[in-house]
Amino acid sequence: MKVAYYPGCVAQESGKELDMATRWVARRVGIELVDFPNFSCCGSGFVDEANSVLNVALNARNLAIAERSNLDLLTVCSTCTGMLKLANVRLAEPAVRSRVDGALGQIGVTYRGTTKVKHLLEVLTDEIGTAALAKLVRRPLTGLKVGAFYGCHLLRPSKEIRGESAEEPHGFEDLIAALGATPVLYRGRVMCCGFPILFVKEPTANRIAATQIEDAHAHGADAMATPCPLCHISLDSYQNKAEKVVGHDLHMPVFHLPQLVGLALGATAEELGLPRHLVATDSALQKIGSVAVPA
Amino acid sequence: MAEANVAAPFEVFRFDPAHESAPRYQRYHLDLPPHTPLLTALLQIRAEQDPTLTMRYSCRSAICGSCAMVVNSKSRLACQTPIGPELERHGRIVVEPMRNMPVLRDLVVEMTPFWSRYKKVEPHLITDPTQPMPEGRENPMTPAQVERFKETPRCIACAACYSACPAVEADAQFPGPMALAKLYRFVVDPRDTAHQERLLRIQTDGLWLCLRCHLCTEACPKDVEPSLRIRDLKEMAVRAQGATDNGSRHAIAFKDNIRERGILNEMKLVRQTYSPGQLLAQVPQGLKIVRKKPEVLKSPHRIEGHDEVEKLYEILDDATEDPP
Amino acid sequence: MQRHDVLVVGAGLAGQRAALAAVEAGLDVGVVSKLHPLRSHSGAAQGGINAAVGKEDSVDTHIYDTVKGSDYLGDQDAIEFFCREAGPTVVEMEHFGTIFSRAEDGSLARRPFGGQGFPRTIYAADRTGLALLQALYEHLGTAGFTLYEEWDLTSVVVRDGRTQGIVAFDRRHGDFAAIGAKAVVIATGPAGRVYGRTTNAHSCTGDGIAAAYRAGAALKDMEFVQFHPTALLGSSILITEGARGEGGILKNAKGERFMSRYAPHVLDLASRDVVSRAIWTEVKEGRGFPGPYVHLELMHLGRERIESRLQEICDFCRTFAGVDPVTQPIPVMPAQHYMMGGISTTVRGETTVPGLFAAGEAACVSIHGANRLGGNSLLETLVFGKQAGLAAAAYCAKAPEATVGDTELETETERLRAMGERKDGESPETLRTEMQAAMDGLVGIYRDPRELDQALAAVRRLHGRYDRVRVVDQSKVYNINLTDAVETGHMLDLAEVIVAGAIARTESRGAHTRVDFPKRDDMNWMRHTMAHRGPDGPRLSYAPVGYTRWEPKERVY
Numbered sequence: 001m002k003v004a005y006y007p008g009c010v011a012q013e014s015g016k017e018l019d020m021a022t023r024w025v026a027r028r029v030g031i032e033l034v035d036f037p038n039f040s041c042c043g044s045g046f047v048d049e050a051n052s053v054l055n056v057a058l059n060a061r062n063l064a065i066a067e068r069s070n071l072d073l074l075t076v077c078s079t080c081t082g083m084l085k086l087a088n089v090r091l092a093e094p095a096v097r098s099r100v101d102g103a104l105g106q107i108g109v110t111y112r113g114t115t116k117v118k119h120l121l122e123v124l125t126d127e128i129g130t131a132a133l134a135k136l137v138r139r140p141l142t143g144l145k146v147g148a149f150y151g152c153h154l155l156r157p158s159k160e161i162r163g164e165s166a167e168e169p170h171g172f173e174d175l176i177a178a179l180g181a182t183p184v185l186y187r188g189r190v191m192c193c194g195f196p197i198l199f200v201k202e203p204t205a206n207r208i209a210a211t212q213i214e215d216a217h218a219h220g221a222d223a224m225a226t227p228c229p230l231c232h233i234s235l236d237s238y239q240n241k242a243e244k245v246v247g248h249d250l251h252m253p254v255f256h257l258p259q260l261v262g263l264a265l266g267a268t269a270e271e272l273g274l275p276r277h278l279v280a281t282d283s284a285l286q287k288i289g290s291v292a293v294p295a
Numbered sequence: 001m002a003e004a005n006v007a008a009p010f011e012v013f014r015f016d017p018a019h020e021s022a023p024r025y026q027r028y029h030l031d032l033p034p035h036t037p038l039l040t041a042l043l044q045i046r047a048e049q050d051p052t053l054t055m056r057y058s059c060r061s062a063i064c065g066s067c068a069m070v071v072n073s074k075s076r077l078a079c080q081t082p083i084g085p086e087l088e089r090h091g092r093i094v095v096e097p098m099r100n101m102p103v104l105r106d107l108v109v110e111m112t113p114f115w116s117r118y119k120k121v122e123p124h125l126i127t128d129p130t131q132p133m134p135e136g137r138e139n140p141m142t143p144a145q146v147e148r149f150k151e152t153p154r155c156i157a158c159a160a161c162y163s164a165c166p167a168v169e170a171d172a173q174f175p176g177p178m179a180l181a182k183l184y185r186f187v188v189d190p191r192d193t194a195h196q197e198r199l200l201r202i203q204t205d206g207l208w209l210c211l212r213c214h215l216c217t218e219a220c221p222k223d224v225e226p227s228l229r230i231r232d233l234k235e236m237a238v239r240a241q242g243a244t245d246n247g248s249r250h251a252i253a254f255k256d257n258i259r260e261r262g263i264l265n266e267m268k269l270v271r272q273t274y275s276p277g278q279l280l281a282q283v284p285q286g287l288k289i290v291r292k293k294p295e296v297l298k299s300p301h302r303i304e305g306h307d308e309v310e311k312l313y314e315i316l317d318d319a320t321e322d323p324p
Numbered sequence: 001m002q003r004h005d006v007l008v009v010g011a012g013l014a015g016q017r018a019a020l021a022a023v024e025a026g027l028d029v030g031v032v033s034k035l036h037p038l039r040s041h042s043g044a045a046q047g048g049i050n051a052a053v054g055k056e057d058s059v060d061t062h063i064y065d066t067v068k069g070s071d072y073l074g075d076q077d078a079i080e081f082f083c084r085e086a087g088p089t090v091v092e093m094e095h096f097g098t099i100f101s102r103a104e105d106g107s108l109a110r111r112p113f114g115g116q117g118f119p120r121t122i123y124a125a126d127r128t129g130l131a132l133l134q135a136l137y138e139h140l141g142t143a144g145f146t147l148y149e150e151w152d153l154t155s156v157v158v159r160d161g162r163t164q165g166i167v168a169f170d171r172r173h174g175d176f177a178a179i180g181a182k183a184v185v186i187a188t189g190p191a192g193r194v195y196g197r198t199t200n201a202h203s204c205t206g207d208g209i210a211a212a213y214r215a216g217a218a219l220k221d222m223e224f225v226q227f228h229p230t231a232l233l234g235s236s237i238l239i240t241e242g243a244r245g246e247g248g249i250l251k252n253a254k255g256e257r258f259m260s261r262y263a264p265h266v267l268d269l270a271s272r273d274v275v276s277r278a279i280w281t282e283v284k285e286g287r288g289f290p291g292p293y294v295h296l297e298l299m300h301l302g303r304e305r306i307e308s309r310l311q312e313i314c315d316f317c318r319t320f321a322g323v324d325p326v327t328q329p330i331p332v333m334p335a336q337h338y339m340m341g342g343i344s345t346t347v348r349g350e351t352t353v354p355g356l357f358a359a360g361e362a363a364c365v366s367i368h369g370a371n372r373l374g375g376n377s378l379l380e381t382l383v384f385g386k387q388a389g390l391a392a393a394a395y396c397a398k399a400p401e402a403t404v405g406d407t408e409l410e411t412e413t414e415r416l417r418a419m420g421e422r423k424d425g426e427s428p429e430t431l432r433t434e435m436q437a438a439m440d441g442l443v444g445i446y447r448d449p450r451e452l453d454q455a456l457a458a459v460r461r462l463h464g465r466y467d468r469v470r471v472v473d474q475s476k477v478y479n480i481n482l483t484d485a486v487e488t489g490h491m492l493d494l495a496e497v498i499v500a501g502a503i504a505r506t507e508s509r510g511a512h513t514r515v516d517f518p519k520r521d522d523m524n525w526m527r528h529t530m531a532h533r534g535p536d537g538p539r540l541s542y543a544p545v546g547y548t549r550w551e552p553k554e555r556v557y
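Top to bottom, those sequences are chains A, B and C. Each residue of the first sequence is one higher than the last, beginning at 1 in the working numbering. Each residue of the second sequence is one higher than the last, beginning at 1 in the working numbering. Each residue of the third sequence is one higher than the last, beginning at 1 in the working numbering.
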């Protein structure tokens, strides 16, 4: 399959390991990623709060770029997914559509609304399918207990996103199981990581992250995995701050979704950018044995 | 109407703080049609098996807001939750009191924290005494003006949103979704004359602690969509008052940041959001991150077609207009 | 002991409006409510609130519609006052902040409602009660008064010929307390839960009506109970008339559109009592589904229309009955809906006991006489809530100090404690269920004298058994087992009054239909039933109907 690859800002910058892992996995499972150097930021929810119609217009332009090539749009970030899908929803309102069309017209862009937005998680579970994926596994992640952490914008608001169940999804857990690992269910898996208020009131954001990490831990998780690089920042890059808030170490490695898939398909830690994490992933890697690809 | 009964095992949170040192879960069993609302089942348990189980309830038709509780981890109205789907998904029904409020007994919680946050936003019309209302007749209000309330008048103050909210759980300064949705209702009411003051106050009273996680919107039994109205409040505040708080400063900074290159300049965003003093405090953490992820220090390249982005900003951001 | 000038019991629309009036008169006001005020049953009212304000409408037409609707049992002088107050009352609520639905020109939107010659029902989508309740609560929030939230009323104390206060228990802490007050306003709503099939909330157990009755106040017209034809089978959640208004059709088990036999012209849109009687007859004559119930069919209207114009009904059926009205018929049965009767009051809310006032559905002025029009009950709460508050305030200005004595508190407390100390006895749930079965089966839409006698005997037996009611829950905190027991006692008293009134009234009028006396008998029965508590049950007497201008006519629609 061929898709317009929308990496989002963080995957191109501080979250580069997400992009590395995505490209590695895409090659293995047969997804052709077409890069578009003219994609702009999805707004991350913040632009929406400052100027909603501008945010819709910027994303309408992004969607139109994919439309021109007749490709669906593949995201690797829960937040980008939510923002792009919400843009489609808001563009269905006549008042918004006419304003945005007017602005797009002045830059020679037409939005038709024909492009679908899909997160890599959805593509892996729905289009490629967990059975086909399981067949590609070269290093089953047996013995590793993984707590999925979906990221709010992949699931909600459910009326608009119309994806999996907003409070009781299971796609990611199905994927984890297909990779040979054991999915861990815990309340925090569909909750918030705190990222949106990291710059507003950091200790509260840290406390929220700590709550979800501790919840995963209490239910037996050796590691967490997330389809959102913003969640990854909060849970991994700021895990040390979360530890300060709760007063003890957390030691919870956090994988990006394609890193977990890559590990099971035979990638090395370097290929997946694991050394870039602030929380070492060694403890999880040890659980699944040698990281070298079996012959 | 003939629906076969299903076996329904319940695990219900019991706790009488006056007499017990710790909560416990008590098991009950009923055989019921799958469409039976949870409240009906609980009342049957009270009537037939255990009259000591206590809870709040009244209308049984999702209008009084009394029976909100946590059902298989979700904040819900008991009268509006049929047992069938819960049994299919979980095999049992675990019933607990609402979160974020202390337990009074069993499924009854002390709702004062919720009510006091509601009162704090001054949920009543504030009017200008020099502009009295029309005497002997109603204030005119067009259907379009009524439409602006969106679904906020449907709120029944059940507190399911408050129970589901991770920001409420983490920070006592956060007003919670219901109080903010109520504030929205007054900010868009043409009869209220305190819109600006309300927006100004709420910016420093925790508006920007909302995580926009939308768990409140999922929990709400009346489709009030509190998280979407909170989003509207944020935009109204930014447009009316600019950057008066970390939150509005960050949102505006982010918007301006994207304009330059089309994608986020991470380092610059940090500088735009924090004051010099705050920046200094961030240095140790910054160093930790930079060591692993040196890209943070580099400015990103401009995207292709950046002029298109710039033009969109000129058209839709530079001109001061009200949102559609 | 706590003390106030005015103590309002009940915090729905009537109670809150009374409290507001008393606070504005400068008095020290307490409000007692077994629920948080926003949980009150006022919030469940959907349809709207009547006020004749438009240029084509007139107050006189509203008065006439109400007089006729009451089947000429309503007091015409009171009705005239009521209808004149309607316009200013609605405007006041709008000024308080109520969000009403609007017409294009910015004025209040109006819609037609049953039994009225003109569309004068002002509404807020399909949740008018909730809209009014929110606005009044929020407006009242700026006023100073003491709220006793989640306190259960157990008695009104009368001594030296006047009101002294109440005894209640604080549900959260389990403490019994007396609250002294010169004036007490009862606004505790109806007692629909004497019936099993009722649209009322679980909290509607008539506590204030029973307390007033036990304290010596007269109750009026208690036998007049309004049934709503279409309540969901099982839960008795109301399916509003709008369903039939949009084209919904009632069918029996034989698939017949049976309304063609009872109202050949208007069919399913006949007035509530006509449709209720029709459904009941079908069921009694064996043409109902086993349950029993009949079908309300919407399927022929199509998915589009149902989901856009009948959204709420759609949600109700899917959520509460597991039925999708787009593809399936809705099982419905008539259910008790409103009580025209209550504590007898004047137009100023005064009961027959000095210092005791009443307003709202707990009271009977009488505005609705033998049958209530839709849209008049929301109006009644606000008009007479205000009147009762003002009258209570005026009374306070001249009343001596009021106290509830220690012995009065002790006696009450002992009576209730004994329920918790019994080692065996009757469960309040059992007594309640049996009472409800008797009322549902024997004191319904069609009243048969033998069945009424059976009902009276059943209620009396239950009364006897109630002496040994037992509360199992020993906790002091939020003991609703105790609440259940107290409520059941109240309801048994009121059930007896309802049945006694129905036995005595040998005519059919409005919502009261006797199979042995099918016609209205103005010669003998154009009078109010008054009930006082006696040692052997209710003592009935009769009072004239207030008359101003409208001669009684046959009530035909």
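Derived from the structure by calculation, the hints contain no laboratory data. All residues carry an ideal CB built from backbone N, CA and C; glycine is no exception. Some hints could be false.
With the C-beta cut set under 8 Å, the calculated list includes, among others, these residues of chain C facing chain B [unchecked claim]: (1) His41; (2) Gly141; (3) Thr403; (4) Asp473.
Computed, partial: chain B to chain C, Cβ under 10 Å [stated by the list, open to error]: (5) Pro17; (6) Arg46; (7) Pro123; (8) Pro153; (9) Ala194; (10) Glu197; (11) Asp318.
For each hint, the structure was consulted:
1. A hinted interface residue such as histidine 41/C counts as satisfied when its beta carbon comes closer than 8 Å to some beta carbon of chain B; here the least separation is about 7 Å, so the hint holds.
2. Interface hint status for glycine 141/C: upheld, as the beta-carbon distance to the closest one in chain B is roughly 6 Å, under 8 Å.
3. The closest approach between the C-beta of threonine 403/C and any C-beta of chain B is roughly 31 Å, which is over the 8 Å cut-off, so the hint fails.
4. Interface restraint check for aspartate 473/C: the shortest CB-CB distance to chain B comes to about 4 Å, inside 8 Å, so the restraint holds.
5. The restraint placing proline 17/B at the interface with chain C holds, with a minimum CB-CB distance near 8 Å, inside the 10 Å limit.
6. For arginine 46/B, the interface hint holds, since its Cβ comes within 10 Å of a Cβ in chain C; the closest pair sits about 8 Å apart.
7. Nearest Cβ of chain C to the Cβ of proline 123/B: about 5 Å, under the 10 Å cut. The hint holds.
8. Nearest Cβ of chain C to the Cβ of proline 153/B: about 5 Å, under the 10 Å cut. The hint holds.
9. Because the smallest distance between the Cβ of alanine 194/B and any Cβ of chain C comes to about 13 Å, over 10 Å, the interface hint for this residue is violated.
10. Here the hint on glutamate 197/B is broken, as its CB sits about 16 Å from the closest CB of chain C, past 10 Å.
11. For aspartate 318/B, the interface hint is violated, since its Cβ never comes within 10 Å of a Cβ in chain C; the closest pair sits about 34 Å apart.
The structure fails hints 3, 9, 10 and 11 (numbered hints given earlier, in ascending order).
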